[in-house]
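Colleague: Got chain U; can you put chains L and R on it based on the hints?
Here's the letter readout for the chains.
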Amino acid sequence: MPRPVKRALPLLALCTAVLALGACGSSNNDGGAAATVDNGSGGQRGGTLTLLTSQDIQSLDPGITYGSLDLNLLSSAVRTLYAYAPDNPTDIQPDLAASAPQVSPDGKTLTVRIRSGVKFGPPVNREVTSRDVKYAIERGFNPHVANPYASTYYGDVVGADRATGGPIAGIKTPDNQTIVFELTRPTASLLAQATVLPLSAPVPPEYAKPLDAKSPSTYGNHLVSSGPYMISADRDGDVLGNGYVPGRSLRLVRNPNWSAATDDRPAYLNEVDFRIGGSPTVSGRQVLAGDGLVLGDSPTPALVKKAYQTARDQIFFSPGAGSRYAALNTAIPPFDDANLRKAVSAALDREQMRRIRGGEIVGEIASHFLYPGVLGFEEGGGQDGTGADFLENPQGDRALAERYMRAAGYADGRYTGDETLQIVGLAGAPDSNDAQIVDQTLQDLGFKTQLKLVDVSVMYGRFCGVPRARVHVCPNLGWIRDFADPQTVLNPAFNGNFIFPENNPNWPQLNDPAINRAMARGELTVGDQARADAWGAIDRQVTATGAAIPWLWDRQPNVFSADVRCVPELWNQGHCDFAYTSLK
Amino acid sequence: MSVGAPGLLAQEERYERDFSAGVARSPWQLFWRRLRSDRVAMVALGVIVVLVLVALLAPLVVKLAGAPGPNVQDRNATDMFGAPIGPTGDHWFGVDPLGRDVFARTVYGARVSLLVGIVGTGIAVLVGVTVGLVAGYYRGWVDTLLSRLVDVVLSFPVLLLGIGIASACSLGNGCVSGVITPGVRTVILVIALVTWTSIARVVRGQVLSLREREFVVAARSLGASNRRIVVREILPNLTAPLIVYSSLLLPQTILLEAALSFLGVGVSPPTASWGWMIADASDNFDTQWWYMVFPGAALLLTVLAFNLLGDGLRDALDPRAER
Amino acid sequence: MAAYVLRRVLWGLVLLVLVSLLTFVVFYVLPSADPAQLRAGRNASPATLAQIRDSLGLDRPLTAQYWTFLSQVAFHANLGYSYFSQAPVGSLLVDRLPATISLTLGAIVIWVLVAVPLGVVAATRRGTWVDKLTTGGALLGISAPVYWLGLVALYLFADDIGIWPLFPGAGSYVPFTDDPWQWFTSLILPWIVLASTFTAVYARLLRGNMIEVLSEDYVRTARAKGLSERRVVWRHGLRAAVTPLVTLAGLDIGLLLGGAVLTETVFGIPGIGRLNYEAIVHADYPVIQGTVLLAACFVIVANIAVDVAYAYLDPRVRTA
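Protein chains in written order, with my numbering: chain U, 1 to 584; chain L, 1 to 323; chain R, 1 to 320.
Bear in mind the hints are in silico, worked out from the structure with no lab data behind them.
Everything numeric in this text was worked out from a predicted model, so none of it was measured.
By construction, the Cβ of each residue, glycine as well, lies at the ideal position given by its N, Cα and C atoms.
Among the hints, erroneous ones may be present.
Unchecked claim - Only some residues are given here: those of chain U computed to face chain R with a beta carbon under 8 angstroms:
id	residue
1	Asp-161
2	Pro-216
3	Asn-221
4	Gly-241
5	Ser-283
6	Arg-285
7	Ser-457
8	Gly-461
9	Asn-497
10	Phe-498
Isolated chain U (complex conformation) (with noise of 0.2 angstroms):
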């Protein structure tokens, strides 16, 4: 049967100018599940750690990979400039830079040094120098690599806008250990953040050129290393069959040319295999019982339940692992009428559809957008909500459904229009499972509905994100913040300007003149508290529009075997982070 990648929140960030403040109010009050983050200080060194995952690795390229498995693969494998320290999900940390990055008082000029004494992998085998990383940032903008956040988070870098591959010329390299951005706008700091994106992981172009000049390029099945670990390769560094076998198997062992002393990190493991295909419930039991093993999956629900009751060491539930909503369309009927939407909202028994997932210790029933660890959650109602009271029960309310009906010109509660509503899901317990959730409610209150579950790739670029589809209901949208700041959560999602006929983020298609308004003065904001006050306020707003009902806030579960000393990534949704974990 169909398996989704179950870790496949999309990760889409548009940002700010101002650096992503600490956690706010992220609640203490987890349903018993509440884990102490380990550091990894002081661990072993030594031996194998394996990683069992239904879901292949998308790309090996930093240029173009951007999913959850595949950075947590990559973050050993290649240094960006800058990184999360796996507890710290909010503060960037030099990694290939050596200090904190140099913004301009006109906030148009980025200056990043960069550390001496880092060197590729084999077979480059030199140094990283500040050109390697200018490459690999120009390559993105090939049409071989085509990375997917390129433009968004480098547009504003001069010359970007016309870059097809080659040189940019707002990248300057004064010298081997410095790399100059110069911006159209000042956008500085932000650029300094979106830097943890793996786009910023140097590259060697005497070596990559030839590979970038196929189509696609094959870089990624020779991806050099630049970090503690490297993917077992042949001696042209062709990892293709050797180290990784699409499917199959994937092997990272630990990179010679690495030196501690160029780095923060411990990288106490020898090796990571990574065992690709299997189911995540056979993989699931194998790695509670056994030894070594890391869950790249999503566990199962009843999994989570096992663990949770025999196992408690051998789970961590991540914080702040994104939300999860359900989109109605705005702009067709029958949800273009807000009583409607707010109707089934509040028919929606959201704590079943959190049930269904594993109950009260995967997450917080949301009641609003911006979600614990977010800037602004708590001036968007933080855990009490908006006070929208089509939210306020979460296990649904009917007569408040009817009343909203009613409000509709619906007259005896129930809906009478003959068209049959397009809902576009998930395949694959437990998503398939929340999709006909909401298509239950919507029957109930007399909607004629017609399900489809599909693969999430499918879901997003054939229905959900193409407006044409006319897709009505969407109720497995998820999103994962890059960043703490509140703009990325709330901007591209509901900004009637992000309305695109393909490959659209704002799924409900909201396009209300006030809130498009606030959004443009809450990106000017300057400030954290200005801009919580700010984003807080638009969440309030989309909130009471009813365009989207959110129903969960993640806490990510993630099992690993009990002689593993998981230091899992905060960052990313509490994957274990090969350079922190060891062996017991």
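Modeller: Using the frame of chain U, we list chains L and R on its own:
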């Protein structure tokens, strides 16, 4: 893999031989008497009648059993971790993770299985007979063309072809300009598309030999039109093998529907389908066995009953019946 | 004879082209997801999408795309590259083939070893409990969905979750070259499950054929000549009864080598069937095309082999 492909190929071979003797001339009364004396076949027939009744009267059956409807989600039937409860007095077969009654869903699942099985087989027979008749009767280039078409479809892995068409048709508003909507219709189309070839081959073989028989030659020499010969002389002689062959194809199409649903490209939820239920259960069958066992047993029982009846029909229609 | 074989092989090649065309139509003209978007990720701008379409050649006319594919296969033995991993499709197939072959061969061994004695014994002892058990069991085997049987087998016998933990469970497959013993034990359950349907079908057919053959004149003659019953049954009877089944088995094996999707899915065996299924889910068209062609190849080769064998045995076929 071959859902039933081994069975189909083998049976096809066998019936081609069995019916070359021309069974249809044996009187129908004789057939019925033989069938009635076959206890196993009669039991199978009884089971099938009950299954059909259960499918037709599903709402009544569920109500009599005191179970909620197949799509009623009982939020109190799962524990705080979302684990569903097993068989109890209220829920004879337990519930699924959504708190839906597995008994009710198993009963309603019979509707999909039988509908798809019967209609899918019917269309496959219709297409197969037409193609087989035309190819076998007219021979020449028509035969060559049609037989080659059959070859192409047969060299395609059946299930893969099915998955491909099913997933293509399940998008948007279906295919063949909206006639084939996603869900049951798509599954029926897929099943007909991948099974008609076996019927066509059998019929073609039969027709090839029938058209040389004395009564056909006689009719032709008397100046009967082609259409008359086909309809009046050849078709009646195909009835017996077609009855047997479709009765053996039917369980195969039921299995194929379940396999497609199992792979997630068949009937879409919330419609209850046995294949889908088994697939949905496969994640947790170690702790929630009831969710996998009951729909699977229902599927097994249905297919078995049709196979037994098919055997009985063959024996009753075959003068050399080996009992 | 040579001309006949040549004709069959040529037609086989034509069939392959037709199958590839059908695959192209079904999976590509009606793809289930946009490959460019799969490749680009969720955040790509329309411009990026256009770039990817261009670099994958997706914006060229369909006929041109098909022709490129065909000529690459025909003249360069190049099946293209996966949209996902950029791995050559050929190497993916080579990587997955051993698992499928292992699964198929083991299942064949079981099905032959079980079906032949069962069929013969049931035929020679008609009406006894052995016969009834065999025919009944065979019907059950034919009627049970293989994936359900697999799940039940895991529930009962898998060493991680089974009630009687006897054999390695799902996902335990390793290549023979890694660890022959684990390879063997991990395949025991899949072999049995996959073989069950085939064993059932063939035992039934063999029983029927045997009964017929044993009533033929020459068998009676052999008996009359005073040959022992055992010799009559196992030498004369079996040979005649098995011959028509061998050709059928050939076709079934061809079909199985193309990938046993359901069995591979249930037991987590990384074979061709799994590869194809995953590719369909991801709309990884080049991989779909590769796996379908490989499967069709096996079917066609099996067909040719069977027909040629027949022609060798029965000269009349050659001119037909």
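Colleague: Hey, does the Pro-216(U) contact hint survive, CB to chain R under 8 angstroms?
Modeller: holds, 5 angstroms
Colleague: Is the interface hint satisfied for Phe-498(U)? The criterion is a beta-carbon contact with chain R at less than 8 angstroms.
Modeller: violated, 11 angstroms
Colleague: Take the shortest C-beta to C-beta distance between Arg-285(U) and chain R; is it under 8 angstroms?
Modeller: It holds, given that the least Cβ distance between Arg-285(U) and chain R is near 5 angstroms, below 8 angstroms.
Colleague: Is the interface hint satisfied for Gly-241(U)? The criterion is a beta-carbon contact with chain R at less than 8 angstroms.
Modeller: holds, 6 angstroms
Colleague: Would the stated hint for Ser-457(U) survive a check requiring a Cβ distance to chain R of less than 8 angstroms?
Modeller: holds, 5 angstroms
Colleague: Let me know if the C-beta of Gly-461(U) comes in closer than 8 angstroms to any C-beta of chain R, holds or violated.
Modeller: holds, 4 angstroms
Colleague: Have a go at the Asp-161(U) hint: is there a Cβ in chain R nearer than 8 angstroms to its own Cβ?
Modeller: violated, 10 angstroms
Colleague: Against chain R, run the beta carbon of Asn-221(U) and see if the smallest gap drops under 8 angstroms.
Modeller: holds, 6 angstroms
Colleague: With a cut-off of 8 angstroms, does the beta carbon of Ser-283(U) approach a beta carbon of chain R closely enough for the hint to hold?
Modeller: Check passed: Cβ of Ser-283(U) comes within 7 angstroms of chain R, closer than 8 angstroms.
Colleague: Would the hint on Asn-497(U) stand, with a C-beta cut-off of 8 angstroms toward chain R?
Modeller: violated, 14 angstroms
In terms of the numbered hints stated before, the structure departs from hints 1, 9 and 10, listed from lowest to highest.
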